[in-house]
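A.B. asks: One letter stands for each residue in the lines below.
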Amino acid sequence: MTESSANKLLNGDACRRTSSGQKASKNGFVKNHCLFQQPQKYRCPGEKNQHGAHNSSLYKRPFVESFEQTPLLVAVLTYVGYGILTIFGYLRDFLRHWNIGKCTMAREREEQKDFVPLYQDFENFYTRNLYMRIRDNWNRPICSVPGAKMNLVERVSPDYNWTFQHTGNVVQDVINMGSYNYLGFAENTGACADAAVEVTQKYGVGVGSTRCELGNLDIHEELEQLVARFLGVESAMTFGMGFATNSMNIPALTGKGCLILSDELNHASLVLGARLSGSTIRVFKHNNMQSLEKLLRDAIVHGQPRTHRPWRKILILVEGIYSMEGSIVRLPEVIALKKRYKAYVYLDEAHSIGALGSNGKGVVDYFGLDPTDVDVMMGTFTKSFGGAGGYIGGRKELIDYLRQHSHSALYATSMPPPVAQQIITSMKIIMGEDGTTLGADRLRQLSENTTYFRRKLCEMGVIIYGNSDSPVVPVMLYMPAKIGAFGREMLKRNIGTVVVGFPATPIIESRARFCISAAHTREMLDTVLEAMNEVGDLLQLKYSRRERAPPPIRWTSEESQLQD
Amino acid sequence: MEYLAWLYYQYLLVTGIYVLEPWEKSIFNSVLFSAVAMVIYTSYVFVPIHVRLALEFFSAICGGQPESTMALMN
Numbered sequence: 001m002t003e004s005s006a007n008k009l010l011n012g013d014a015c016r017r018t019s020s021g022q023k024a025s026k027n028g029f030v031k032n033h034c035l036f037q038q039p040q041k042y043r044c045p046g047e048k049n050q051h052g053a054h055n056s057s058l059y060k061r062p063f064v065e066s067f068e069q070t071p072l073l074v075a076v077l078t079y080v081g082y083g084i085l086t087i088f089g090y091l092r093d094f095l096r097h098w099n100i101g102k103c104t105m106a107r108e109r110e111e112q113k114d115f116v117p118l119y120q121d122f123e124n125f126y127t128r129n130l131y132m133r134i135r136d137n138w139n140r141p142i143c144s145v146p147g148a149k150m151n152l153v154e155r156v157s158p159d160y161n162w163t164f165q166h167t168g169n170v171v172q173d174v175i176n177m178g179s180y181n182y183l184g185f186a187e188n189t190g191a192c193a194d195a196a197v198e199v200t201q202k203y204g205v206g207v208g209s210t211r212c213e214l215g216n217l218d219i220h221e222e223l224e225q226l227v228a229r230f231l232g233v234e235s236a237m238t239f240g241m242g243f244a245t246n247s248m249n250i251p252a253l254t255g256k257g258c259l260i261l262s263d264e265l266n267h268a269s270l271v272l273g274a275r276l277s278g279s280t281i282r283v284f285k286h287n288n289m290q291s292l293e294k295l296l297r298d299a300i301v302h303g304q305p306r307t308h309r310p311w312r313k314i315l316i317l318v319e320g321i322y323s324m325e326g327s328i329v330r331l332p333e334v335i336a337l338k339k340r341y342k343a344y345v346y347l348d349e350a351h352s353i354g355a356l357g358s359n360g361k362g363v364v365d366y367f368g369l370d371p372t373d374v375d376v377m378m379g380t381f382t383k384s385f386g387g388a389g390g391y392i393g394g395r396k397e398l399i400d401y402l403r404q405h406s407h408s409a410l411y412a413t414s415m416p417p418p419v420a421q422q423i424i425t426s427m428k429i430i431m432g433e434d435g436t437t438l439g440a441d442r443l444r445q446l447s448e449n450t451t452y453f454r455r456k457l458c459e460m461g462v463i464i465y466g467n468s469d470s471p472v473v474p475v476m477l478y479m480p481a482k483i484g485a486f487g488r489e490m491l492k493r494n495i496g497t498v499v500v501g502f503p504a505t506p507i508i509e510s511r512a513r514f515c516i517s518a519a520h521t522r523e524m525l526d527t528v529l530e531a532m533n534e535v536g537d538l539l540q541l542k543y544s545r546r547e548r549a550p551p552p553i554r555w556t557s558e559e560s561q562l563q564d
Numbered sequence: 001m002e003y004l005a006w007l008y009y010q011y012l013l014v015t016g017i018y019v020l021e022p023w024e025k026s027i028f029n030s031v032l033f034s035a036v037a038m039v040i041y042t043s044y045v046f047v048p049i050h051v052r053l054a055l056e057f058f059s060a061i062c063g064g065q066p067e068s069t070m071a072l073m074n
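So the protein lines, in turn, are chains H and A.
In this text, residue positions in the first sequence follow the numbering used here: the first is 1, and each later residue adds one.
In this text, residue positions in the second sequence follow the numbering used here: the first is 1, and each later residue adds one.
Hints listed in this document are in silico derivations from the structure and should not be mistaken for laboratory results.
Fair warning: there could be bad hints in the mix.
[As the list claims (entries may be wrong)] Selected chain H positions facing chain A (Cβ under 8 Å, derived; list incomplete):
no., residue
1, LEU58
2, ILE84
3, PHE88
4, GLY484
5, GLN540
[As the list claims (entries may be wrong)] Computed list of chain A residues with no C-beta within reach of chain H, every gap over 12 Å:
no., residue
6, GLN10
7, GLY16
8, PRO22
9, MET38
10, THR42
11, PHE46
12, ILE49
13, HIS50
14, VAL51
15, LEU53
16, LEU55
17, PHE57
18, PHE58
19, ALA60
20, ILE61
21, CYS62
We put the beta carbon where it would ideally sit given N, CA and C, even for glycine.
Kindly generate the complete structure, drawing on both the sequences and the hints.
C.D. replies: Printed below as a string of structure tokens:
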């Protein structure tokens, strides 16, 4: 059944292959059976990945994703900047070693001098000498609901970020461009908050037991049934922590003798889960289906190393929206590959659930695919639903198995009832079961905001990464000093942003990340864009070398599609 | 003046010394300044001599070859 459907799906697309000097592979299997075109040797000079061209027959809507290449001069200057900072880092370490200047960082005790050094690897060096200098951009305390606007606790540092003191003042009404509040459900008023209060009065907040003991409330059962209905899968189960959903369930699914194919930019929770499972892990290039197919073919042909037994299971780990790149997984191609090579797919919809698709049902809905084609649907309630925790959806056998074998089902305390109620209410609003169009309005608002914001940034000439429909918008900063300067300048203009640098990104690709929310009004976005324009001029962030006219195509048509 | 301030800000950002403490900034600036000053000074002192020598060398190759061989033979 899978064979035929895969072939049907790929009608006429299967055997398009460049005959341009591809070497026959070692064991000479027939190259013509490749599902997707093998990698082209010649890329467009301007773009790192020219997406959207191949296998377009699998997509019902245009798939536009761009990763503009780093300009050479910028890359060189970035390295020079890191070089200078590293030299000064060594200078400071040298001074600290001779006790010139105060050292507030952890260091080896005198009696442990001859032990293996604890604080001398590169990451410690980086934290001590680079991160510390711009630490004021992170861990800022918030003292209100992190909705579209928030209040920040003002803090000052008398000693260049080694310590902080709260002045007692509050920075009022900072526009929040950093929370993963895609549908704006992080609220302290409204239907969700009221329902949560009500449930708190009924059940209290803590549960004090695990799901398999005395922590299984009727509200959890209700939540799971609702999640299954929302996703369109047979069964679902929920967990109190999103990170643990990944890191504890993957080890339950695969083990020794299994193969995990993981995207190179997968989240730390997936990476941790894969490592804990003890399976062999192979990594394919980000969103690169040729790379994935090659790994799959090699895995099937060669089997396990040394013994050459076939792999017991092959699990493909992908995410819906990659949170640092803003790209959307090429799911139709992943599913076609999975069907053809009989692998399993584990889809992490942490960011995409609620944020993508005309019904807010994530990346499956966005591409118009059948949710039963994805074997394991994982997602979190932390982002779009304004709650906490995660879920796994899939076939009934899978869920029953996980209930017995997953550590986060057996050992973790179950979800607090108010959180469960928040998720139930927000999910019902998204599904339109509360009898209003509030959910649909929010979904439309989010997609409008996303297209508007992305288009304006593109016009401005900054380099933004990712898919044109993704509400995660990374703006490239590159240089280490600009990470700090950007965060500070934006906060001066009363806008809270998230700036990201190494180790979350490659060392030269530091970026600022905007997360668009349905709670943002057009005025707020305009304020942000205006500030962004100013800061972009001040910091010289307008690196983009593409023609300023952004792709205005499809904008209107996409919007109309989402409206219905 | 404003342009100069902007230019200095860009210099801070590109070199990365924006994040440094003031005394580190002044160290970097003085090292860079002295390096640039030395480059300028050495070029002022030595470039004219090198140019003159080079000119002599090339004129010797191009123009004065018979003379020099004569001189050698003598």
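A.B. asks: Of all the hints given earlier, name the ones this structure violates by number, lowest first.
C.D. replies: 1, 6, 7 and 8
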